[in-house]
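Engineer: Chains as they are written, first to last, in my numbering: chain A, 35 to 571; chain B, 2 to 289; chain C, 4 to 309.
Honestly, I wouldn't trust all of these hints.
[What the hints assert, rightly or not] Quick list of in silico lysine to any residue cross-link-like pairs, SDA-like style, CA-CA up to 20 Å:
#, chain 1, residue 1, chain 2, residue 2
1, B, K19, B, L29
2, A, K445, B, D45
3, C, K87, C, M97
4, A, K143, A, N123
5, C, K87, A, A240
6, A, K445, B, P235
7, A, K463, C, K87
The set of hints was computed from the structure by calculation and includes no laboratory data.
One letter stands for each residue in the lines below.
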Amino acid sequence: MGTFPEKTTTRRRQRGTARWANDALVRRHLCAGVLILACILMAPSGTAAVDPPRQETIILAFDADLPTMDPHMHILRTGVITFYHIFDNLVVRDLKTMQIIPHLATSWKTVDDVTWEFTLRNDVTFHNGDKFTAHTVKFNYDRCLNPEQKCPQRGNHAKIKEVQVVDDYTVRFITHDPYPIMLERMQNFQMVSEKVAKEKGDAFMAENPIGTGPYKFVHWLKGREILLERNENYWGSKPAFKYAKIRIIPDKATQVADLLAGGVDLVRALPPDQIEVLKASGAAYVTTAPVLRTAFLQLDSQGRTEKNPFMDKRVRQAVNYGVNTDKIIEFVLNGQAKRTANVINPLAFGYDPNVKPYPYDPEKAKQLLADAGYPNGFEVRFLSTGADVPAQKQAAEVIQADLAKIGVRVKLNHIEDTNSVVTQAKEGKAGPMFQWSWGYYSVFDADGILYDIFHSGNPWAYYSSEELDKLIDEGRSTLDQERRKQIYSKVQQILTEEAAHLFMWGIYGIWGVNKRVEWSAPSDEIDRLFLAKPAGK
Amino acid sequence: MSKPLALRKTLRLLWRLKLAVVAGILLLGIVCTAILAAVVAPCDPLATDIAARLRPPRWLEGGRPEYLLGTDQVGRDILSRIIFGGQVSLLVGTLAVLLSAVIGIPLGLAAGYSGRMADTVISTFVNIMLTFPFVLLALAVIAVLGPSFTNMIIVLGITNWPLYTRVVRAEVLRLKEREFIMAARALGMGHLRLIARQIFPNLASAVVVISSVLVARMIILESFLSFLGLGIQPPTPSWGGMLGEGKDYMLLRWWLATFPGLAIFLTTLLINLVGDGLRDWLDPAMHV
Amino acid sequence: MKRFLVHQCVQLIVVCLGISIITFLLLHLKGDPVTLLLPLDAGKEEMASFRRLMGFDQPLYVQYVRFLLGAIRGNFGMSLYMKKSAFALVLERMPATLLLTFAGLFLSLVLAIPLGIISAMRPYSLLDNLCTTLAVGGQAMPIFWLGIMLILLFSVRLHWLPASGFGTWSHLVLPAMTLGFFLVPLTMRLVRSGMLEVLSQDYVRTARAKGVSERDVLLKHAFRNAAIPVITILGLQFGQLLGGAIVTETVYAWPGVATFTVTAIRNSDFPVVQAAVFLLALCIVVVNLVVDLLVGMIDPRIRLEG
Chain A
35 MGTFPEKTTT RRRQRGTARW ANDALVRRHL CAGVLILACI LMAPSGTAAV DPPRQETIIL
95 AFDADLPTMD PHMHILRTGV ITFYHIFDNL VVRDLKTMQI IPHLATSWKT VDDVTWEFTL
155 RNDVTFHNGD KFTAHTVKFN YDRCLNPEQK CPQRGNHAKI KEVQVVDDYT VRFITHDPYP
215 IMLERMQNFQ MVSEKVAKEK GDAFMAENPI GTGPYKFVHW LKGREILLER NENYWGSKPA
275 FKYAKIRIIP DKATQVADLL AGGVDLVRAL PPDQIEVLKA SGAAYVTTAP VLRTAFLQLD
335 SQGRTEKNPF MDKRVRQAVN YGVNTDKIIE FVLNGQAKRT ANVINPLAFG YDPNVKPYPY
395 DPEKAKQLLA DAGYPNGFEV RFLSTGADVP AQKQAAEVIQ ADLAKIGVRV KLNHIEDTNS
455 VVTQAKEGKA GPMFQWSWGY YSVFDADGIL YDIFHSGNPW AYYSSEELDK LIDEGRSTLD
515 QERRKQIYSK VQQILTEEAA HLFMWGIYGI WGVNKRVEWS APSDEIDRLF LAKPAGK
Chain B
2 MSKPLALRKT LRLLWRLKLA VVAGILLLGI VCTAILAAVV APCDPLATDI AARLRPPRWL
62 EGGRPEYLLG TDQVGRDILS RIIFGGQVSL LVGTLAVLLS AVIGIPLGLA AGYSGRMADT
122 VISTFVNIML TFPFVLLALA VIAVLGPSFT NMIIVLGITN WPLYTRVVRA EVLRLKEREF
182 IMAARALGMG HLRLIARQIF PNLASAVVVI SSVLVARMII LESFLSFLGL GIQPPTPSWG
242 GMLGEGKDYM LLRWWLATFP GLAIFLTTLL INLVGDGLRD WLDPAMHV
Chain C
4 MKRFLVHQCV QLIVVCLGIS IITFLLLHLK GDPVTLLLPL DAGKEEMASF RRLMGFDQPL
64 YVQYVRFLLG AIRGNFGMSL YMKKSAFALV LERMPATLLL TFAGLFLSLV LAIPLGIISA
124 MRPYSLLDNL CTTLAVGGQA MPIFWLGIML ILLFSVRLHW LPASGFGTWS HLVLPAMTLG
184 FFLVPLTMRL VRSGMLEVLS QDYVRTARAK GVSERDVLLK HAFRNAAIPV ITILGLQFGQ
244 LLGGAIVTET VYAWPGVATF TVTAIRNSDF PVVQAAVFLL ALCIVVVNLV VDLLVGMIDP
304 RIRLEG
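Isolated chain A, as found in the complex (with noise of 0.2 Å):
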């Protein structure tokens, strides 16, 4: 059997003798050390980490780890989860009735269309004792808005002109605009110590996350684990468990097989076709909710990318006729999705159920190809990624099967990095068809995705007119319910009509649990361990 004998060869060259070596003492010296080092090594390294009892501990799973331990400078889900447990927010939603409930503010009004009064509670202190007073309410959106911060979240509030500190607990908003949503947004910021933050730095705060909230940070070993303890303080209910921890496990296959084998107790973003494993396995179960998270082809026709077919509108039709959208959600998700007539969830404010969504007719399909001048289909890239949506790949598999039978052939280009289509799609590139989807950023509403996927000049934006430019303006700008009702409706019909896109589905939340936890799936995809019980008690 085979040597490879040229590596001895090409090692017998000229060299300056290692007589030294023959000594017995340096040998033995050197084997002495070789031994030391290893013996360095096989010590676990990292600090002498503090590791809670498994009883009193949940833990949850995260696919990556945050780059920061402080709330402002990120834009993930992760995080917000992470801080929601070390952090509060002025308001939060109520999980059951879905709507905006008091939590550090306990109540506000409307002074006038760009001014809003919130009262705070008096009895809230940080971990480190400092008081939650009005003024750490102005400093933290001061904070967030201030260009030199550069803080990733800025956009979210920049309808945000000033915070007046009325007194201790009683602080003003003046916006720029009326501002709808002011609220929707309010629920995803936290409030971090005034005091910490401008004598301890932005260096500290990204290490030291303190906050007011129900869990108190232990210590965050990079790469592995976040611990947090409950916080015996804390204003409002205390958490069930004591301890809560969160695990970095990158590869979703060895979560499931951890939830399994006991040494995790909650998945997010369970594959669908891992339901039949949990089920099967006895120690686990499956929770779900519908979120809001929505899933869509975009389609360029505005030809950012490049000039395409799918500039013209019957083309566009043709491909939502083509695809046997109600069938993927049937058995490639096994039920686990609603099918949207347009990128409205049914979750938002704003959504119209008397918009349809288009049937599966690819006789249609071909006929309205045919009228468009390709009787013969033609050839167009999908640029394809995870993008955040379960069963994603073999979704986009099928969609290429379906068009391929109405002679729309489809050039699949799967590329696993999340990021890199991002920033394709923020630079026009994207094009012509890419897979996207849209968190809202737990807003509720639908000007939460109509503004940053359809107005004019947004990066993200492939599809657009003036009219729908018009109507998304009015929307944002009136504090009329009603009216706001109306004008969305007339945006959904507009969406579907002119089919802006390839329209998808709804996105269900499916997360695993261990059998030993009782927890149910949050609408809003924020996972809080806080809600969680010991299964049985």
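Position chains B and C relative to chain A; hints supplied.
Structural biologist: Relative to chain A, chains B and C alone:
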């Protein structure tokens, strides 16, 4: 040597190398199946049938008779995909090895035959390439070029040529000092002719062994790139791609990954056995 | 000795330089990460001024020289994502990967050497063919498949070991086994062929004739010489181990430098990638150096060739 005697010697040699011979026949079968995929495969490897997705192999409960080895996550027949996948995987392996050889062998010849200057430069380059972790290079290159069949062959080819260079260089250095070379030089034989006539044939044994090992390794690397999401684009089947897609289903629907894995295992085993046999055949010691 | 060390140092510098140039070129060909670093609503002018601030608008060679000057002083810059020193971030994660690699190496030797010796004792026998098949099988098996299988068996079914993570001895077992198994085939075949070649030599026959026990022949004489190509190849394989480490670290959620580097490449986090590649190359070259020394110690012929 008379004809019947020579024949008997050959047959006896073949008997000693029976393992390699059997492996060779089986390998030939696999290659033929891959080439004749369109004829042999029961279904269209690209035809999706999502109502029948994730069906187990025929002999298990829930299996369908028309899908012998079961279906994958969008309802395509696994057996057909394995047969067609063989085309892709074998092609990738062979072409990538060819590319490596085309780059590596001339460089090795240059390093061994020309002066110290060329040797030092080329050897340093070889060291750099060998030290550079393959994965990072592959990731970076494919991130720039984009994943595709051609780009994968390029990446695999340009990361594996150092092996050829190393071996060829050592062999050339060894041969350079042999008498028959020096005699040929003394007789005034030109360099190129020397390389072509005298040195090249002696490299055959080493090159054959390296090539057989490399083809197998390329097929594995292809699966590795698929794991990282840099492999052949869907829906084209490839053994590595099927493995990568199937790994998420290992907990329950094991057939998605296991059958392509078996295909890779079997093919690699056979290639290695044949390679060993070829090396033994070319080894003059065996003919005694 | 001195000439040898000097030669190796020069090699080290040249190799590291070459690698850093290649990495730099490839990363910058990918494009700059400005879009990913700024808020989503950042406009064109903001992106342009950010680019100027980070120096991305300079010609490539200028950027490279700036990088090189910093690197010599050990300053690879700040990670573009985590606002911390890139070098520190990579260094933090090195021990975990090194631990995994050495553990895997150790396990593979424990398995491969006895198997190699056994199959060399009775070449072409059933046992030998079995070992060969095992060896090829090991090379043909993708690591992630093996990893998932091991987790399924030892963690989910038997509950003997944790499925993933880091921190105790039990967390190291499965990942080390997975990575080690990756190395067994080649090592075993080398031990076998090295032993076969040596066992047919004259001095072995002489030793046997002199009445040296078979065990002593195998272990004291044959193996020491067979060890040379094994050690050499292990040194070279160390670089290839990185590929195995990436998969192993991903599957077992092992917080090492391999997966960290892959993420950094995806995010175009140049300083981190440069720092990681540099450190890894350094490790590989150092390991090769140690290997050369070890071989020199074992094989007097190489030493005395001087």
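Engineer: Next step is simple, just say for each hint if it's right about the structure.
Structural biologist: Each hint tested on the structure:
Proposed proximity of K19/B and L29/B is supported: the alpha carbons are some 15 Å apart, at most 20 Å. For the hint linking K445/A to D45/B, the alpha-carbon distance of about 18 Å falls within 20 Å, and the restraint holds. Our distance criterion of 20 Å between C-alpha atoms is met by K87/C and M97/C, whose separation comes to about 16 Å. Between the alpha carbons of K143/A and N123/A the distance comes to roughly 17 Å, so the proposed pair stays at or under 20 Å and holds.
For the hint linking K87/C to A240/A, the alpha-carbon distance of about 10 Å falls within 20 Å, and the restraint holds. A C-alpha spacing of about 9 Å is found between K445/A and P235/B, which places the hinted pair at or below 20 Å, so the restraint holds. Using a Cα cut-off of 20 Å, the hinted pair K463/A and K87/C is violated, with the two alpha carbons roughly 32 Å apart.
Hint compliance for this structure: hint 7 is the single one not met.
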